[in-house]
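J.: Each chain is listed here by its residues.
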Amino acid sequence: MAFVDTFGFVENLKVGSTYGWIEIRKDPSEVPPTELFVIWDLRFNVPEDEADLLATDWIRFSMQVSLAREALIGRLRVRVNHDEDSEIVEALEIQAPTGS
Amino acid sequence: VLRYILSVFMVAAVLAEAREESLPKFRSLTERRKKNDLSHTFQRMAEFLGGTEERGWVQFRIRNGEEWRYWCLELGPEGAKAHSKRTTSPDFEVVTPAGTWWQIAEGSISPLEALGQGKMRIRGDVRLGRLILRRLASQEGSLVDMC
Numbered sequence: 001m002a003f004v005d006t007f008g009f010v011e012n013l014k015v016g017s018t019y020g021w022i023e024i025r026k027d028p029s030e031v032p033p034t035e036l037f038v039i040w041d042l043r044f045n046v047p048e049d050e051a052d053l054l055a056t057d058w059i060r061f062s063m064q065v066s067l068a069r070e071a072l073i074g075r076l077r078v079r080v081n082h083d084e085d086s087e088i089v090e091a092l093e094i095q096a097p098t099g100s
Numbered sequence: 101v102l103r104y105i106l107s108v109f110m111v112a113a114v115l116a117e118a119r120e121e122s123l124p125k126f127r128s129l130t131e132r133r134k135k136n137d138l139s140h141t142f143q144r145m146a147e148f149l150g151g152t153e154e155r156g157w158v159q160f161r162i163r164n165g166e167e168w169r170y171w172c173l174e175l176g177p178e179g180a181k182a183h184s185k186r187t188t189s190p191d192f193e194v195v196t197p198a199g200t201w202w203q204i205a206e207g208s209i210s211p212l213e214a215l216g217q218g219k220m221r222i223r224g225d226v227r228l229g230r231l232i233l234r235r236l237a238s239q240e241g242s243l244v245d246m247c
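Which chain is which? The protein sequence lines are A and B, in order. In terms of my numbering, the first sequence is residues 1 to 100. In terms of my numbering, the second sequence is residues 101 to 247.
Hint data in this document are derived by calculation from the structure and do not stem from the laboratory. For each residue, glycine too, the CB sits at the ideal point set by N, CA and C.
What follows is a list of derived Cβ distance ranges for each label pair: (1) A:ALA55 to B:PHE148: 45 to 53 Å; (2) A:SER62 to B:GLU166: 35 to 43 Å; (3) B:ASP137 to A:SER66: 43 to 51 Å; (4) A:ARG69 to B:GLY151: 40 to 48 Å; (5) A:ARG69 to B:SER184: 37 to 45 Å; (6) A:VAL4 to B:ASP137: 26 to 34 Å; (7) A:THR56 to B:GLN217: 17 to 25 Å; (8) A:MET63 to B:GLU178: 48 to 56 Å; (9) B:TYR170 to A:GLU11: 25 to 33 Å; (10) B:GLY165 to A:GLU11: 29 to 37 Å; (11) A:PRO33 to B:SER184: 24 to 32 Å; (12) A:VAL15 to B:SER184: 35 to 43 Å; (13) A:ILE73 to B:GLU153: 35 to 43 Å; (14) B:THR188 to A:GLU11: 18 to 26 Å.
Which bits of chain B does chain A cover? Going by a derived footprint, with three or more residues having C-beta under 8 Å, they are: (15) 182 to 193; (16) 212 to 226.
Given the sequences, and given the hints that come with them, work out the whole structure.
T.: This is how it looks when you write it as structure tokens:
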């Protein structure tokens, strides 16, 4: 398993209660130019008594969805970290514009 | 159109948890399976696909250990053609480990199931992916027809 980064802009975002689909328009040199990624709330389908143990996953899910939304609204470049075989987002960060 | 496509995948992913059996699987592409030979699964795909109104190049990037191998389907009205090569400008690309590809090609898991479980990546024009799934879907699993 090797994690890789994909860079680009959030072109579309669809969010449900347990998942978020993000379409990234990648940097111009990349072909094909778009790629789908998914954020899962890992508490989905977890027994209630175990759900508390996964509270950090809910925080991660909420944070990543918020960041993706900000990036979509602000047309900000993002870095998406994921397994090279998987479209599940491990980490998402906004790359703030440089300059004043 | 994109919102429509995204909603299709969201529905597929969520329903996978509750009704995995309803997700469309490929009809078997492995009847003439040869040991460690993936090429024939793409030949079979091309045979099953036949001619399509859409033209395009669909690339399959398959990881076998540390090695990446590439196959392409050239879609068009005159019939699909399978190529054992890499193209630099695919319209749609599937990235997955060889083990997952065998499961998909054998019809034991749905491509949508593999996607939702994080065993596959898709890039580019999703319409081509839906076209392939529609053409290669076995009788079981009707979700693609609901889209």
